[in-house]
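Visitor: Got chain B; can you put chain S on it based on the hints?
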Amino acid sequence: MPYAAGRPGPEKRATTIRPAARRTRGRPVAAAASLLVTAGTLVACGGDSGGASSLTWYINPDAGGQAEIAARCTEASEGRYTIETALLPRDAASQREQLIRRLAANDDSIDLMSLDPPFIPEFAQAGFLAPVPEDVAQRVTEDVVESAVEGSTWDDELVAIPFWANTQVLWYRKSVAEAAGLDMEEPVTWEQIVQAAEETGTLVGAQGARAESLTVWFNALIESAGGSIITDASPEDPAQIELGLDTEAGQRATEVMKMVAESEAAGAAFSTSNEDSSATGLESENGGFNVNYPFVYPRALGAVEAGTMDASVPEDYAAAIYPRVDEDEPAAPPYGGINLGVGAFSESPELAYEAAECIVSDENQAYYFVTNGNPASATSVYDDPEVLEAFPMAPVIRESLELAAPRPQTPYYNEISVGIQRSYHPPSGVDPGRTGERATELIKAVLAKEDLL
Amino acid sequence: MTTTTLPPGKKTEPVSAPDKGITDRARSERKLGWLLAGPAFAVMLLVTAYPILQATYESLFDYRLTDPENRSFVGLTNYWVILTDSLWWESIGVTAFITLVTVAVELVLGFGLALVMVKALRALRPVLRAAILIPYAVITVVSAFAWQFAFDINSGFVNSWFTWLPGVAADTDWFGDRWTAILVICLAEIWKTTPFISLLLLAGLAQVPEVLQEAAKVDGATRWQRMWRVTIPNMKAAIMVALLFRTLDAFRVFDTIFIMTNGANGTESVSFLAYRQTIARLEIGLGSAVSVLLFLCVVAIAFSFIKLFKVDLAQARGE
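Quick note, the sequences are listed as chains B and S, same order.
Numbering of the first sequence is given in this note's numbering, commencing with residue 45 and proceeding in unit increments.
Numbering of the second sequence is given in this note's numbering, commencing with residue 706 and proceeding in unit increments.
Pulled out of the complex, with its shape left as it was, chain B reads as follows (with noise of 0.2 Å):
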């Protein structure tokens, strides 16, 4: 696909102005505003970047980092391309939704976008996504966790280039563990750190809300069961997907999510728990066990920092892999973190593939992973001190990166996800004999277009 150099950003396609506009008769503020806007644009177009293709990276919110690499591959190209991030929204789904409509609209803009695991299968199968270089292919996945390749791949082909790969881990406050006389060495289940948590009087932490991580959750504990959400995942005809949710392996993560919903130590405001409130409750003095991702950890640091937060909380922390649903079943903790497309309707998709090989290069990796807390897809990023030095529980979300399993990989993502939103919500009102079966026909019924979501 050809692609042309020095073509104009956003901003420059928004500022052009018609000569006759201009020259309007009694409009002399507005014309002399039209060229101020104009020299101003010039002056914005000269400097460093000079002829350079402007290529658009659509950015997931974060704590700078994405901007910082952005401008450090802009300078790193030494002008042949400049990454303008724009901002997407806060929460995933609502970062899909604004990605797919512009994409349904052949929005050439889209060079670049930070994408969500799970929705990849659906803009690769809607055509959204550029076809990844061979050549790129290979080199992007060398030395990377085998769940950050799974969660970039759609039907046998590497569709996306897997950036950085999130892990949830058990984070546990030290003095409780040892209080309650758990041996954190070894695996853990939910029973026990429930149980741990009921004779100290603290708190467990999950996420419990009707949102995107509840089926984060959910899905964690059916594959840790054994089992899965899809078994069949049947590209070609929804209504074809089959289900394993009416399965042993379902109903004992419902069981599961009952027994900790319904447990003292699960706190009154569990059904709305999100990552961030449940991260409040593992900082607060009734602090136990926590699910949750890596972030965790600097924002404890970064509250002590800013005086919020007494230095001994964040020693107090640890991490652990993800809790077992049965005791000799390993754990299959939940996969996240973000991929890189390349939009199909790019001008430029030899330059975005180039500039995305930069970003998610082990420097930049390494970079992200220290200062916003986000883990690398890159093994060997977890060998580099400066890493070993921020995240001394490096080697333990690199070890859960290596056991993550993804979410269900389906062009429907989305409906299968709000159909168990819907049927597992709110968690301490799940029948385990039963939610799995209701789920299971309204999923179906929903994939059928016989039913609303």
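In short, the hints are calculated from the structure, not lab data.
Where is the CB? At the ideal position from N, CA and C, for every residue including glycine.
One should not assume that every hint holds.
As the list claims (entries may be wrong) - Just a few of them, taken from the derived set where beta-carbon distance is under 8 Å, the chain B residues facing chain S:
| id | residue |
| --- | --- |
| 1 | I144 |
| 2 | R146 |
| 3 | E166 |
| 4 | D227 |
| 5 | M228 |
| 6 | S315 |
| 7 | T324 |
| 8 | K493 |
| 9 | L496 |
Guide: Same frame as chain B, but now just chain S:
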């Protein structure tokens, strides 16, 4: 005892009188009226009629945004799917409940505020009006966030300040239960839109002829009797218009629910259902059908107000 209103017949002849016997002046006024209102009317048609027609057309198709090639005509199937789904009726119930509660409370509060604004000292009036109008100037999403933070179990102040109220405890999870969540949604809506209803009622209050109040006073009517027998009957048109506008607005409630609960715990409104099918699920056909049904509900509300309650929009303008 009867109510006291001014006798009819003082009104000017409406411009929309029958052609028969119309004067030249009235005709030219009518023409001017069309010339002045015509462009706005055309723009309204463009921005409202076009999307309505487009949505009606799309609602007859099975059409997913990411799969435009497999779009197919399905007739009224989408409507059948919606009307036979319990979720639709549940959403209608939630929407109707929120509408009834918020509009009723807003009417009473709005009337009180309008009275305060009328009776306030002249020097205080501008400050008072500005203060009362502030919530209406706040963007709904911002107001929803503010109320959500106030009632949040971790960061909210309600759970620590109001534990003396029955049913409020330090660990009350307002958004974790259907009815407490709906209560907070209603409170936010009432706070936000009461100023609107009070403004409309203020205009109605200003239209009540002072001469009637004085006559009632001379006849020995108490303050309460003057309110029920003179003030309220004379501003019936303004009240009905305020009710109509707010009911139509309340029935389309979306932002507050989206921010506070995202539809969890049975708090989904009809607008939210339309959003979920169209924007989240990308089923343009099914979502358009929900939107068309929502539009029909709104038309039915407007029609019943105008026909059953005999709301005369012209009278509310003081014609």
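Visitor: None of the hints should be skipped; say for each whether it holds.
Guide: Against the structure, the hints come out as follows:
{"no.": "1", "hint": "I144", "result": "7 Å, holds"}
{"no.": "2", "hint": "R146", "result": "11 Å, violated"}
{"no.": "3", "hint": "E166", "result": "6 Å, holds"}
{"no.": "4", "hint": "D227", "result": "31 Å, violated"}
{"no.": "5", "hint": "M228", "result": "27 Å, violated"}
{"no.": "6", "hint": "S315", "result": "4 Å, holds"}
{"no.": "7", "hint": "T324", "result": "5 Å, holds"}
{"no.": "8", "hint": "K493", "result": "7 Å, holds"}
{"no.": "9", "hint": "L496", "result": "5 Å, holds"}
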